[in-house]
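S.K.: Given chain F, put chains V and X in place with the hints provided.
Residue numbers (the UniProt record's numbering), protein chains in the order written: chain F, 1 to 364; chain V, 1 to 317; chain X, 1 to 356.
It is worth saying that the hints were derived from the structure and are not from the lab.
Per label pair, the in silico range of CB-to-CB distance:
| hint | chain 1 | residue 1 | chain 2 | residue 2 | range |
| --- | --- | --- | --- | --- | --- |
| 1 | X | W40 | V | H174 | 28 to 34 Å |
| 2 | V | V296 | X | Y76 | 44 to 50 Å |
| 3 | V | A313 | X | L124 | 15 to 21 Å |
Covered by chain F, per the in silico footprint, the following chain V stretches (three or more residues, Cβ under 8 Å):
| hint | stretch |
| --- | --- |
| 4 | 206-218 |
| 5 | 222-233 |
The beta carbon of each residue, even a glycine, is placed where N, CA and C say it ideally should be.
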Amino acid sequence: MTATEAEAPAPTGRTGGATVEFRGLRRAFGTTVALDGLDLTAHPGELLALLGPSGCGKTTALRVLAGFEQPDAGDVLVDGRDITAVSAHRRGTGMVFQSYSLFPHLTALENTAFGLRMRGTGRAERQRRAAELLDLVGLSHLADRFPHQMSGGQQQRVALARALALRPRVLLLDEPLSALDAKVRLSLREEIRRLQLDLGITTLFVTHDQEEALSMADRVAVLRSGRVEQVAEPGELYARPATAFVAEFVGTMSRVPAERTSSTGTVDVLGMRLPVSGELPAAGELDALVRPEAVALTADPHGPATVVAAAFLGATTRLTVRLPEGTEVKADLPTETAAALPIGSRAALALPERPVLVDHRRVP
Amino acid sequence: MTTAPAAAPLPAGPSPEEAGGSAAAPTPPKGRAVARRRPQAGGGLAVLPLIVFVAVVFGLPAFAIVTGAFKTAPGAPGGVHWTTANLTASVQGAYRTALWGSVKLSALTAALGVVLGLPLAHAVVTSRFRALREAVLAASGVLANFGGVPLAFAFVATLGNSGELTKALDLTQHGWSLYSFTGLTVVYLYFLVPLMVLTITPALEGLRVQWREAAQNSGATTRQYWLHVALPILAPSLLGGFVLLFGSAFAAYATAAAIVGSSVPLITLQIANALSGNVLAGQGNVALALSLDMVVIAGVVMALYIPLQRRSARWLR
Amino acid sequence: MAALNPPMADRTSGRSPSSGPAGPAVRRPGRPGRPRPRLWRGLVGLVAAVYFLGPMAFSVLFTVDVPREGLTASSYRGILDAEGFWPSLRLTLELAAATIAVTLLLLVPALIAVRLSVPRLRALVEVLCSLPLVVPAVALTAGLGSVLQWGPDDFADTPLFQTFNSLQEPGFPVVLLLAYVLMALPLAYRTLDAGLRALDLATLVEAARNCGASWPRTVLQVVLPNLRGALLNTAFLTLALVLGEYTVSSILGYQPFAVWIVSLGGSNAQVSVAVSVLSLVLTWVLLLLLAAAGRGRAHRTPRATSRRAARRPSRTAPGAASGRTPGREDALPGSANSPRTGGTPPLDPDTLPEKP
Numbered sequence: 001m002t003a004t005e006a007e008a009p010a011p012t013g014r015t016g017g018a019t020v021e022f023r024g025l026r027r028a029f030g031t032t033v034a035l036d037g038l039d040l041t042a043h044p045g046e047l048l049a050l051l052g053p054s055g056c057g058k059t060t061a062l063r064v065l066a067g068f069e070q071p072d073a074g075d076v077l078v079d080g081r082d083i084t085a086v087s088a089h090r091r092g093t094g095m096v097f098q099s100y101s102l103f104p105h106l107t108a109l110e111n112t113a114f115g116l117r118m119r120g121t122g123r124a125e126r127q128r129r130a131a132e133l134l135d136l137v138g139l140s141h142l143a144d145r146f147p148h149q150m151s152g153g154q155q156q157r158v159a160l161a162r163a164l165a166l167r168p169r170v171l172l173l174d175e176p177l178s179a180l181d182a183k184v185r186l187s188l189r190e191e192i193r194r195l196q197l198d199l200g201i202t203t204l205f206v207t208h209d210q211e212e213a214l215s216m217a218d219r220v221a222v223l224r225s226g227r228v229e230q231v232a233e234p235g236e237l238y239a240r241p242a243t244a245f246v247a248e249f250v251g252t253m254s255r256v257p258a259e260r261t262s263s264t265g266t267v268d269v270l271g272m273r274l275p276v277s278g279e280l281p282a283a284g285e286l287d288a289l290v291r292p293e294a295v296a297l298t299a300d301p302h303g304p305a306t307v308v309a310a311a312f313l314g315a316t317t318r319l320t321v322r323l324p325e326g327t328e329v330k331a332d333l334p335t336e337t338a339a340a341l342p343i344g345s346r347a348a349l350a351l352p353e354r355p356v357l358v359d360h361r362r363v364p
Numbered sequence: 001m002t003t004a005p006a007a008a009p010l011p012a013g014p015s016p017e018e019a020g021g022s023a024a025a026p027t028p029p030k031g032r033a034v035a036r037r038r039p040q041a042g043g044g045l046a047v048l049p050l051i052v053f054v055a056v057v058f059g060l061p062a063f064a065i066v067t068g069a070f071k072t073a074p075g076a077p078g079g080v081h082w083t084t085a086n087l088t089a090s091v092q093g094a095y096r097t098a099l100w101g102s103v104k105l106s107a108l109t110a111a112l113g114v115v116l117g118l119p120l121a122h123a124v125v126t127s128r129f130r131a132l133r134e135a136v137l138a139a140s141g142v143l144a145n146f147g148g149v150p151l152a153f154a155f156v157a158t159l160g161n162s163g164e165l166t167k168a169l170d171l172t173q174h175g176w177s178l179y180s181f182t183g184l185t186v187v188y189l190y191f192l193v194p195l196m197v198l199t200i201t202p203a204l205e206g207l208r209v210q211w212r213e214a215a216q217n218s219g220a221t222t223r224q225y226w227l228h229v230a231l232p233i234l235a236p237s238l239l240g241g242f243v244l245l246f247g248s249a250f251a252a253y254a255t256a257a258a259i260v261g262s263s264v265p266l267i268t269l270q271i272a273n274a275l276s277g278n279v280l281a282g283q284g285n286v287a288l289a290l291s292l293d294m295v296v297i298a299g300v301v302m303a304l305y306i307p308l309q310r311r312s313a314r315w316l317r
Numbered sequence: 001m002a003a004l005n006p007p008m009a010d011r012t013s014g015r016s017p018s019s020g021p022a023g024p025a026v027r028r029p030g031r032p033g034r035p036r037p038r039l040w041r042g043l044v045g046l047v048a049a050v051y052f053l054g055p056m057a058f059s060v061l062f063t064v065d066v067p068r069e070g071l072t073a074s075s076y077r078g079i080l081d082a083e084g085f086w087p088s089l090r091l092t093l094e095l096a097a098a099t100i101a102v103t104l105l106l107l108v109p110a111l112i113a114v115r116l117s118v119p120r121l122r123a124l125v126e127v128l129c130s131l132p133l134v135v136p137a138v139a140l141t142a143g144l145g146s147v148l149q150w151g152p153d154d155f156a157d158t159p160l161f162q163t164f165n166s167l168q169e170p171g172f173p174v175v176l177l178l179a180y181v182l183m184a185l186p187l188a189y190r191t192l193d194a195g196l197r198a199l200d201l202a203t204l205v206e207a208a209r210n211c212g213a214s215w216p217r218t219v220l221q222v223v224l225p226n227l228r229g230a231l232l233n234t235a236f237l238t239l240a241l242v243l244g245e246y247t248v249s250s251i252l253g254y255q256p257f258a259v260w261i262v263s264l265g266g267s268n269a270q271v272s273v274a275v276s277v278l279s280l281v282l283t284w285v286l287l288l289l290l291a292a293a294g295r296g297r298a299h300r301t302p303r304a305t306s307r308r309a310a311r312r313p314s315r316t317a318p319g320a321a322s323g324r325t326p327g328r329e330d331a332l333p334g335s336a337n338s339p340r341t342g343g344t345p346p347l348d349p350d351t352l353p354e355k356p
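Only chain F is shown next, with the shape it has when bound in the complex:
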């Protein structure tokens, strides 16, 4: 996670970025509700990630903004102007699709210059501008290649160049990295972020990969069932998730049974009294949600927990322990410490005095 960008002041000073507002967007496909009153604002020049599981409406929101879908209700505003009724080819947005969106009969240069050609820009000017854009994405040497002669990563770079050709004030990225190899994905991720910061262009980035969202975005909007669950900077989202859904979707969480206490603002978890962040559910049984790095494990032959699995993550190792009543809890330990806890060994488990999020008990 890169918290640095998030903590930097919002890049409002840059020119070119537009404010994008979704106001009460609704869109249903048959009985499936994709957008259920979506309200969301992207500030000028920021990279706003739309994060959520498939079917949460994030792509639909992007497509409404690009003009490919019409909302059943609600408006889309760019710099305060309602563009809901503007047809797609006049929206002035630049979009990068998931994959295979390059025109197969055109070279990289021709693909990049396509928008300029549609607009009637002269040949020399559009060649110059397209070459410039290809240079920007580091592909000047492939200008004459056809899409089928390029790798997936190269194709997406060309798609990015094409999307930027008309100097859009909003850049739309619809899971542009999800069809790529892990390595390429990482490098392209950084490159997109660098370009976006250089150009100061307001960017909406749709992804289901939370790692991608947290590492690239200024702010992340977590979507669920067509609504925004939480919008926050990555660090905030991780440390203080507003809801159990966000908490579990972003990062790893273990659920541990919790008991109400007589004093407000606390719960008992595994015999420890812990402060609660946020409201307690009004009634019913409770679960406390704990991050693996917040769980302390010590080898203890008489401890209640049994180590059932270990996953090596490099500097840390993630152990899974089973409690007597069957609950499984994950804990991150420095790898050398974890060596003392082989699978099958017993351990004692402690939770730090840190607020936890409390949710209704979920029967596994």
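M.R.: Here is chains V and X on its own, set in the frame of chain F:
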């Protein structure tokens, strides 16, 4: 790699090689060389019947056409000898007219078939009703291949001299005749348009939504999208479709024979006439020469079609 | 509501400079370009329906609307009594069955072998199966007729003469069977090849072999059932071809169904049209049956997208291969941390020993 023979359903039944191959495959180190050669042998064995079949059933007639076209008729005075007279005759007089008539009819109907088939295929492909879609495609399969005689009779019953529609609208008064070039065009389209639908549908399905959206996103209108993106991408398929339709119309015989007899000069009708000795005795070798003309034209057509097909396949994967 | 928005005129002037010289934004408010395509589709569909269904409808009318008799089904009753109906139908059906069998027996093993073990023969097989397209049926017939002449002309005194005679046996002319198989090859090849392409045969076979299936079992119980749809399609198209075939049989002087219909046309137009209608209906019924049979099993890959996905699984599955580097970043995602995958390495079918 576990590549072993795949020749189980050979007509001759499983051969000893296959049994050996499947047994040898699992043995790791020593059997490797064997396992690598056996499958090849088995695979080749599976392809062999096809090769032999085509070599005999296609090869012999092809040989007969080529040699026969350059020979005099068996009963000719002076015995059988090599000649180019047949070929010369096949591009002169009535035969020339027939060749030209066939080319004209095929080119016209193929062009019309492309122009009419594309919107129909597009309507079908983009339809929301999948059942309709599948039904139209299945029906196209029948019409494009079944064609022939039943088709001819359906049109005779509809638009022939005593056809229902002809009588109802008194079309003969308006100069309509099914037994003419125009009439044949109308009938040919009945199997060429479905053939076009079948040919172009995969290409239309290969047109990605992203391309349309990317074009729109780059400021292209619907018209510009078709002009600059869709049609260029479809161009190889459309040309390929034209070529295929041309070949199909060019080779068609049953429909024409059942409808017009010989009132419209067509090369296929001429060959059939020459073969059945309706014209003159000893025309058999001219028929072979005419066949050679046809093969050459069809060969050129295929030679044009294959590279177009390749390019289209590469774009529309 | 989008529809309730005021007209766009005022916004147009203030449109962001990003839309550039082409600038002015809105022409039609509401849903851009939605209803028009639908109307267009409807119109195209209507014209096509009239053109393609018209002749069928008029044919039926023609057969039941007999002059001076009014509406009657006598044409259809006449079919059964018509001379030559049964023999020609029997001949055609026998030829169709034989053609389908021979075509499949020739092609299926060859295509499977080409996909699995002898890929270098693939181009050859494709060319072999496309060759018949170059020789139109009439030309093929001319060639065949000429070859059959060799019998009496050149081999009259040899045992081969017998072969030539049996090829032309009127009860079951093998020469027609051979011609039909040849003519069916291009279409059958393409149908089967498309079916195989959607299958990822190599993986399928390796998986079956890995599970201990012998080669014959693999082909019979794994490959062929998965090819069901393509096999049925091939059989059907071949059947349609043989049912309608006229060129070769008429010129060589045999009388299968199509030739019989034409010969009938001269004497009794009504009945011949009635037979045409019936044969078309019969074909449609067969088609429907086959479609139903093909759909009965789970084998369905009708959508273009899913076919593409099947062809290139590694590239199209979104996020399926979201490989992550171990380390700090992996502390975030809840990736692959289920207890089941914890300790044991993933099961890789390739590492399992093959059962004898």
